[in-house]
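**Q** Residues per chain are reported as follows:
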Amino acid sequence: MSDSQSLQSTSDVSSVGDAVETDSASDGAQVSPGGTWRRWLTLENRFLAPLLITSILLAGQLTFGILESWSRTLIAIGIAIACELVLGKLVVGRFPHLASAYISGISVGILIRSPFIWPYAMCAGLSIMSKYVLRIQNRHLWNPSNFGVSAMLFLYPSAVASLSIQWGNSLWPMLVVWCLGAMIISRLKRFHICLTYVISFIAFAGARSWLTGSPFLANVSPLTGPMYQLFVFFMITDPKTTVRPKWGQCLVAFLVAAVEMLLRLAEFIHAPYYALFLVGPVALAVEMRWTRDRAGRAKAPESVVNLDKNAAGSGSLGEVEAPQST
Amino acid sequence: MIRSLIAICFAGLLFGPAAYFRWSSDNSETEGRELISTDTRLQRYGFSLQEVAKDVGIDFVHQPPRVDMRLRHIEPQIAAMGASVSIVDVDKDGWQDFYLTSSAPGAKNHFYRNRGDGTFAEIAEQLGLADLNADGVGACMGSVWADINNDGFDDVLVYRWGRQELLMNHEGKRFESIGDSAGLPDWANIGTATWLDYDRDGRVDLFLAGYWPDHVHLDDLEDTRIMPESFEYADNGGHNWMLRNVGGGRFVDVTDEVGVDSTRWTLAVVAADFDDDSFVDLFLANDYGNSELFRNEGGKRFQEVGKDAGVGFAPKSGMNASVGDVLNQGRLSIYESNISEEGVLLQGNNLWFPSGDGSIHFDNLASVMGVELGGWSFGAQFGDLNNDGFNDLSVTNGYVSGDQGTSYWYDFSQITGGHEQIISDASNWPDMRQRSLAGYQSTRLWVNDGAGSFRDVAQWVGVTDRHDGRAIALADFRNRGVLDVVVANQRGPALVYQNTVDSSRHWIAFELEGIVSNRSAIGARVRVFWNGQQQLQERVAASGYSSQNQSRLHFGLGAVSDVDRVVIRWPSGKEQQVIAPAVDQVHTIREVR
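Which chain is which? The protein sequence lines are A and B, in order.
Just so it is clear: in the first sequence, position 267 is 942 by the working numbering, and no numbers are missing.
Just so it is clear: in the second sequence, position 230 is 241 by the working numbering, and no numbers are missing.
Heads up, some of the hints might be wrong.
Claimed, not checked - Here are the simulated distance ranges between beta carbons:
| hint | chain 1 | residue 1 | chain 2 | residue 2 | range |
| --- | --- | --- | --- | --- | --- |
| 1 | B | Q432 | A | L809 | 52 to 60 Å |
| 2 | A | F770 | B | L24 | 19 to 27 Å |
| 3 | B | P28 | A | G753 | 44 to 52 Å |
| 4 | B | P28 | A | R769 | 49 to 57 Å |
| 5 | A | T887 | B | R55 | 45 to 53 Å |
| 6 | A | R964 | B | F324 | 45 to 53 Å |
What the hints assert, rightly or not - Residues from chain A shown here face chain B by an in silico Cβ test under 7 Å; the list is partial:
| hint | residue |
| --- | --- |
| 7 | A757 |
| 8 | L765 |
| 9 | V767 |
| 10 | G768 |
| 11 | F770 |
| 12 | R788 |
| 13 | V808 |
| 14 | A882 |
| 15 | L892 |
| 16 | S896 |
| 17 | P897 |
| 18 | T899 |
Simulated from the structure, these hints should not be mistaken for laboratory data.
These figures come from a predicted structure and were not determined experimentally.
All C-beta atoms, glycine included, are put in the ideal place defined by N, C-alpha and C.
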């Protein structure tokens, strides 16, 4: 099993930036062996996503102080990496690549806010463990960070809140995140997911405004904050926990926005996390069922066929998604 | 097998702690309802509080400011301030009196004179301090006292969202406004003010800090773009002013000269000497942004050093600034209140603990010491409520108590996460519709164990009210060596908590009078050395949120009945020492020329 295979089989994506990492890892298989320097300078490099999210973290912290503290984020990263190492060795039989765990740790460090230290450790641990425990047909159902963050927000409201800080007052940081995110997501051919979600969100914001009598801009307001930008670009686009047909991805993005609207009408403050938590696994389960039925009808080989056009070319996702060792 | 074990660990990690927290929370709620006698309270906590406002003649309910019709949909949160309390001995009879402000047009401020028998008489009209909310002058936000002409009687600044009023005290019998001659700003939405002698010339100077932008008249808006431009980085609030006292009731605006201007949304200021250089510095608790720390450079200029000092980096919702020596190490910590709401926003209050290496640097130890989560916290004061020798911490909480069982948090969190163009326009804010926003919260009384840990005992010692607390002030109203507590509640009644302390505990207190220094001795530092430890207190004017404690410095001593020595450093820089002063009494100390 190659490194990229082990990465995909044991350390599936987390959240912020994971979309970048996983697909780039897949795409990385296409890069010619001789183009080493190019790999370092292009999106195919598997270290690009960690570098990207580290840059966002550093820029956010050094300019706006987005973190609760350095130490808490480092604890989250450390726990995520430690869990990944231990669980990878126990379950798969080898140490997995740690980029994904690193990203999960950073995501947790950015997305949750707590005056205590333990939630950061617990959230990181739960995120990584969920990948190994909550699986069907050797696919994990929840985006790990989404699972961890949602669980912490739901179970420990007295100790945990979500990121609510802004990128300052200027439009520039927001524009940078939008542009950077759009560029990366377009490169990964997943911009349609973001676009569908954003259009749906705005439409549903209008509906909520009409239903509740509250100002339209107040309902659209969350979309202008950094938490949503990270959510839109990097969490809902996670290749490992999204369905594979393009139309299905758009449908799921729409459904996430729709469920989020219902949750928002019920005044759930963490509606986006919960909506993805609810819709994502159901969509995956439906897709798996549908795929299995089709495969059964066609008497296809037993292994799951990779239908993700975005991962096309790697030809490996279906195989590595069902590691025999697990 | 391994996967099963991992699954069990996962489930245990996911649900185990949650179940434990739920179980322990249920237990503590049950304990909280326990009714215990005063004797038991004294035995367990060393003190007991009883709310006696009506019994002692206090009958005051705060009325909120009036706002423009275009703000009616969010009126409860726009008009959420103005309940203040300040302690003063207005006629120098040795008994502590107090002054409460209201904010609605026509609403009267109350001044309660201490009769000396445990009761109070309301004499604001007689003094000329009642009718300060007339139409067109703005809404009273607070008051702060100091002897500005060194005549032995404390004068008062009543600051408003509007025009400011400086009133001279004529021997405790009447007050006279000195009006425009004082050089005060024509119109400013002042959120906090304090007296300090920044240049050590023996006259107290005045610092004012704005909240809303200066041009805003909340009851008559030009437009609705008046809100903070950001929940964390707002810099579109009111200006600051430093007014130098040049004598004769006149003040000169030296704001630019000394470099203290900013346009944050300031809600509290405390002036104390944080770097121990004998020149008083300024700490500003800013709503919607970072705190600021202005370091006094030799009485000539101030330098904003908040980031370097560690207090000006993580933006929160600063609403309180008070100082206290929490571990009896001879160094002042700063307590700054913020917002904490389960599952929504956990900013946590800050306890800025000084580094102790001689630099002006602080670390936030609120979480470590257990004083981080209070609620939507406002006023806070340090003071030894049980005379055990360590400063305890009292914190009011609660923002807007609307209809029971309702919440505006969802809408609030939605709009406050938005971009400047959205959040700064009040018309974009959803209608509150009488909903609560962090309402019905309880006061915290954190008792200091002296070893770095605080424990909330409010419910157990008799503080059970759920009003929207704002200002809180401490004073020994009965001259018995115990600190009583006054709380000013927004749209609610003023409360007086009478304190009873375990009689085996000792105390000592000091009234200071400057001679070379300003007569109020604002800026004086007193160190009491006893039982192998020392406690530092500094005489400040404003302390907390819209409040001022008694000028008398009170030290609990615990079971120890003798004090080694007391060192007073006057604002002039001179030091004075008192060897082995008697305990259980108030000492009046005059500065030696």
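**Q** Run the structure past the numbered hints and jot down the numbers of the failing ones, going up.
**A** 1, 3, 4, 7, 9, 10, 11, 14
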